[in-house]
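Novice: Residue-level listing of the chains:
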Amino acid sequence: MESEGLHLNISYVGSCGVILSAEQKAALETSLVILQNNHKFNRVFLWGKILGVKNDYFIAQGTGDDEMTDRKTLYSLDCVTWGLLPQATQAIRDQCSVVKGRFIGDPAHEYEHIEIQKIGEGEDATEEESTIMIKEEDRLAAVVADIDEQVSIVPRGAFVKTPHGSTLQNRSFEGLSVTEAGKLHNYFHFREPVRLNEKTLLEKADLDKSIDFLDPIHEDIPKGSWSLKFERGSGLVTLTSLLWPGTTFYHVPHTRKYGWIYVGTGEKNKDLPFML
Amino acid sequence: MISAMEEPPASSPTAEDAKTNEAGTPKLGTPKIPPPTGTPQDNGITSPNPNIALNMAPKEQDFLNAKSYLLKTSIKSNLNLYDHLSRVLTKVLNERPENVVDVFEDISKDVKRSGFTSQTDTILDKVDKSTEVILAQVQKPLFEKNQEEAEHEGGEDEVETPLPNLPELMFYFEQAGIGMSREEMMRIFLALKQLVDNYPLQSCRFWGKIYGTEQNYIVAEVEYREGEEEEEEEEEEHETEDADLEKEDEGEGEGEEQEEDDTPKPDYKPPPVIPKEDNRTGTNKKTFFVCNEPGQPWVKLPPITPAQIVGARQIKKFMTGRLDAPIISYPPFPGNESNYLRAQIQRISAGSQISPLGYYQFDEEEEEEEEEGTRENFMENPDFEGIPVKDLVDPSLSNWVHHVQHILPQGRCQWFAPVQQQEDDFEDEEEEEEREEPDEPEPEIGPPLLTPISEDVEIENIQPWSARLSSALVPQYAIAVLQSNLWPGAFAFGTEKKFENVYMGYGHKYSPDNYSPTPPPAVQEEYPSGPEITETEDPTPEEEMALRAAQQEAMEAAEEMEDPEEDEEEDDE
Numbered sequence: 001m002e003s004e005g006l007h008l009n010i011s012y013v014g015s016c017g018v019i020l021s022a023e024q025k026a027a028l029e030t031s032l033v034i035l036q037n038n039h040k041f042n043r044v045f046l047w048g049k050i051l052g053v054k055n056d057y058f059i060a061q062g063t064g065d066d067e068m069t070d071r072k073t074l075y076s077l078d079c080v081t082w083g084l085l086p087q088a089t090q091a092i093r094d095q096c097s098v099v100k101g102r103f104i105g106d107p108a109h110e111y112e113h114i115e116i117q118k119i120g121e122g123e124d125a126t127e128e129e130s131t132i133m134i135k136e137e138d139r140l141a142a143v144v145a146d147i148d149e150q151v152s153i154v155p156r157g158a159f160v161k162t163p164h165g166s167t168l169q170n171r172s173f174e175g176l177s178v179t180e181a182g183k184l185h186n187y188f189h190f191r192e193p194v195r196l197n198e199k200t201l202l203e204k205a206d207l208d209k210s211i212d213f214l215d216p217i218h219e220d221i222p223k224g225s226w227s228l229k230f231e232r233g234s235g236l237v238t239l240t241s242l243l244w245p246g247t248t249f250y251h252v253p254h255t256r257k258y259g260w261i262y263v264g265t266g267e268k269n270k271d272l273p274f275m276l
Numbered sequence: 001m002i003s004a005m006e007e008p009p010a011s012s013p014t015a016e017d018a019k020t021n022e023a024g025t026p027k028l029g030t031p032k033i034p035p036p037t038g039t040p041q042d043n044g045i046t047s048p049n050p051n052i053a054l055n056m057a058p059k060e061q062d063f064l065n066a067k068s069y070l071l072k073t074s075i076k077s078n079l080n081l082y083d084h085l086s087r088v089l090t091k092v093l094n095e096r097p098e099n100v101v102d103v104f105e106d107i108s109k110d111v112k113r114s115g116f117t118s119q120t121d122t123i124l125d126k127v128d129k130s131t132e133v134i135l136a137q138v139q140k141p142l143f144e145k146n147q148e149e150a151e152h153e154g155g156e157d158e159v160e161t162p163l164p165n166l167p168e169l170m171f172y173f174e175q176a177g178i179g180m181s182r183e184e185m186m187r188i189f190l191a192l193k194q195l196v197d198n199y200p201l202q203s204c205r206f207w208g209k210i211y212g213t214e215q216n217y218i219v220a221e222v223e224y225r226e227g228e229e230e231e232e233e234e235e236e237e238h239e240t241e242d243a244d245l246e247k248e249d250e251g252e253g254e255g256e257e258q259e260e261d262d263t264p265k266p267d268y269k270p271p272p273v274i275p276k277e278d279n280r281t282g283t284n285k286k287t288f289f290v291c292n293e294p295g296q297p298w299v300k301l302p303p304i305t306p307a308q309i310v311g312a313r314q315i316k317k318f319m320t321g322r323l324d325a326p327i328i329s330y331p332p333f334p335g336n337e338s339n340y341l342r343a344q345i346q347r348i349s350a351g352s353q354i355s356p357l358g359y360y361q362f363d364e365e366e367e368e369e370e371e372e373g374t375r376e377n378f379m380e381n382p383d384f385e386g387i388p389v390k391d392l393v394d395p396s397l398s399n400w401v402h403h404v405q406h407i408l409p410q411g412r413c414q415w416f417a418p419v420q421q422q423e424d425d426f427e428d429e430e431e432e433e434e435r436e437e438p439d440e441p442e443p444e445i446g447p448p449l450l451t452p453i454s455e456d457v458e459i460e461n462i463q464p465w466s467a468r469l470s471s472a473l474v475p476q477y478a479i480a481v482l483q484s485n486l487w488p489g490a491f492a493f494g495t496e497k498k499f500e501n502v503y504m505g506y507g508h509k510y511s512p513d514n515y516s517p518t519p520p521p522a523v524q525e526e527y528p529s530g531p532e533i534t535e536t537e538d539p540t541p542e543e544e545m546a547l548r549a550a551q552q553e554a555m556e557a558a559e560e561m562e563d564p565e566e567d568e569e570e571d572d573e
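Residue numbers (full-length UniProt numbering), protein chains in the order written: chain P, 1 to 276; chain B, 1 to 573.
Source of the hints: derived by calculation from the structure; they are not laboratory data.
Quick reminder that beta carbons are idealized off the backbone N, C-alpha and C, glycines included.
There may be inaccurate statements among the hints.
Among chain P residues calculated to face chain B with C-beta under 7 angstroms, some are [claimed, not checked]:
1. S11
2. S15
3. S21
4. K100
5. F159
6. L236
7. K270
8. D271
9. P273
Whenever a hint applies, use it, and build me the whole structure from the sequences.
Specialist: And the structure:
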């Protein structure tokens, strides 16, 4: 959700239970402007909020020239002072995937994870326990990266890939029509495409190279992991992810207004297959 | 320049047009159509097309050639580039977008696209009502004053209404960053007003909102006025009677079959059905109404049965938003989504509805009457003086109490002793229920009403409640906010004398571990296994031979043995 016009944007997701108190809104409007200036971002997004047991993390993202790759993530506990999140490397993400339970709300908190390794084979195998300490800050970075990868979405046509390979906002995007907005294949994962490369030439024949360069979400597994709802009749489309409960995407049909925000506990819904 | 660009679209892109342009060559020297490059006039030698422009400068000739090429109509689309370019440039110059070179292709595409849409529609101008309009029409009555009220207006006898001051309560929640947009809240408020006007209610409360995959539920918690519920109860009784009849039918059917076919009777006896609690007591103390959008009619949820609570504890399903949707799950849930929703509402209420200590107190008269059972009625304490906010956010949390009865593993609030002793089954499954279960096997006893929430059990090292102030900057005016970690989405706020609970979530209990459905029971044995029915291996020919030989030997031996006996016998004789 773009920080510009935050008070308007946030009202679109109010029906999904996402609101900010007046104090938070005021603080964010001040601090995000300073943030944009200090880090020389083109655009700043309010990424969302991760609810901790003791405190909540506010997450913001800033983008540079390339909307997809040139992206930095920052977090704050009080909406005023922002700290840069460490880069979530694959190693960190793998390590943090073992942590379960809620976030605490203290970046310096360390989770203890006991890993049992088997040494030797057959009857001689001995189990060795090694304790790994995982910092909450790292886990936060990993979860943010996971959510970005799995549920960050944009409507079709909102971004174009230029012949130079960079991803830019499509200036002639005029929003989806109401009927088109009700179809899942008009929403794309905003990440480097994964499934697109696996498609056959025949499947790719009808795609527009500058627009259809991302993975559409209707192929997500399991089917039904997105819940699409029309609010206010058809004046607003909201898409909520059931895989990461708390992810809310909104789009006002026929306008350029779209965005998404995550407000949740930062835990993936692993029970999804049983719940549909 | 602009006029030059605007001219060509008026002309039709045909070959004739090209000719007229060519015919009008003498005028070309005028600035109306300036040549693309270079100076307009230059005396040169020859031209490749002598019969048209013998008296023409070669540059001019080049220009003409280029233009006629551009005016060539495509045989596929019947367009020509000249007109197209001029239209595009006209659009650019009229609209003057910034950094136009970046979006030039898109503008070109737009112009082409606009050529294809038909401007006039021959079909009758009948617009289908969009869903937006339909909803707006549904919601319009909310904003209309009803007649009776208009008459009463100004009268001094203001009747006490059970309608809560929702805007005020939501204002507090908004400070904590919980709730919904104000417009939606106002609509819900008006919808609650409608509910209060249409039903004889004693109390009414906005319970919360449960998100579904297709639609959301707005839930109102009400209590009927004394005696006014009879009519509705009768209806319910009919329903239950019907249900009973159905059950009986089923039973009879089975019986007949057994008699006719003489099939073996299963020795499984279903555990006794635990009766549901009466209205106004226990799990059915409150009645719940739901609707999907404010303004739509409120639907009353059916009363809950213990079996549904027990069933709901074993499954985890997303609500769809349709009350009649079936619940497809294992173990099978007795009922459809309305029953599941009702069960979840009751569980959430029992787990997360809290009030400041001392706000409610037990009715002393009733206390004496109900010494045996657990006390379930309480009243507002008129002498409640309020608890300072600072104490409300105290991490010990001893200043908050549950005011909804704990649901026993049995699925009731009051223990019901079934005829046969079957509780063990229930208890195994329900060890992790809302609050700590005392280790007494029977009857099940839950924590009494108005137990402080500090007694709640932890969820794997996570405290069950988080308390915080709504503002860190101005703590003296902040309010206390409590957030349930067991039921994510359940919140409570408290100020000096006011408090309220609300739930906004998916209606699922939190568990750090994965949900794993109960495994299906082991396959039943068809018959008891024993040596008499165990299949033995066939003997090999060698074994058979050996056996036969052995038998023969035995026979011979026996004959030999018999002979002497016979002899002896003969001797005896």
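Novice: Give me the numbers of the hints this structure contradicts, sorted from smallest to largest.
Specialist: 5, 6, 9
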